[in-house]
Amino acid sequence: MQNAASVAPAVWDGGIVWEVPGKPISVRLSRDVVDRLGIAVQEGFKSLPRRGLETGGLLIGTKREAGNKVVVDVTDFEPVESEHAAGPSYLLSDADRRLLAARISAREAAVKSRSTVGFYRSHTRRDFAITMEDAALFSTYFRKASDVFL
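First residue of the sequence shown? That's 119 in my numbering, and the numbers climb one at a time after it.
Treat the hints as calculated values from the structure; they're not laboratory data. A couple of the hints might just be wrong.
[Claimed, not checked] Keeping only pairs whose Cα atoms sit at most 25 Å apart, straight-line, the calculated DSS-like set for lysine-lysine is:
no.	residue 1	residue 2
1	141	181
2	262	187
3	141	187
4	181	262
5	164	262
Using the sequences and the accompanying hints, generate a full structural model.
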């Protein structure tokens, strides 16, 4: 079984693209999003000595059919603040989850050409993996097979 995290991304003229062999999805991140998201994550790292503060939020973009694949273009992101009640990890409290749900609903209600296509979270923990909390968050708010977790 191939893990999506183990597949090296490819660079294209507009940014980065991930494709997992045998999976009907392609995820493309614009160079601008990669640069700005990197800056936002670094600000979190710098805000707390030693370990840094994890950050997270919504991935914004579009989805389209291309042959037998869904192409997800991530063109922006929207940070969703956490009160960090459990420390520097991005573990959402009940109040944080209400904020996340409100942000998702507001974006859906706006009916813009760009919608929520997934979620991102920075990582400062010892082991690099999706946590049980990540999986629960994703299964609650991002149920589409084409939703992205970065």
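Quick rundown of the hints versus the structure:
1. 141 x 181: Status holds; Cα separation ~15 Å.
2. 262 x 187: holds, 14 Å
3. 141 x 187: holds, 8 Å
4. 181 x 262: Within the cut-off at roughly 11 Å; holds.
5. 164 x 262: With a Cα-Cα distance of about 34 Å, the restraint between residue 164 and residue 262 is violated, given a limit of 25 Å.
Hint check: a violation occurs at hint 5 only; the rest are consistent with the structure.
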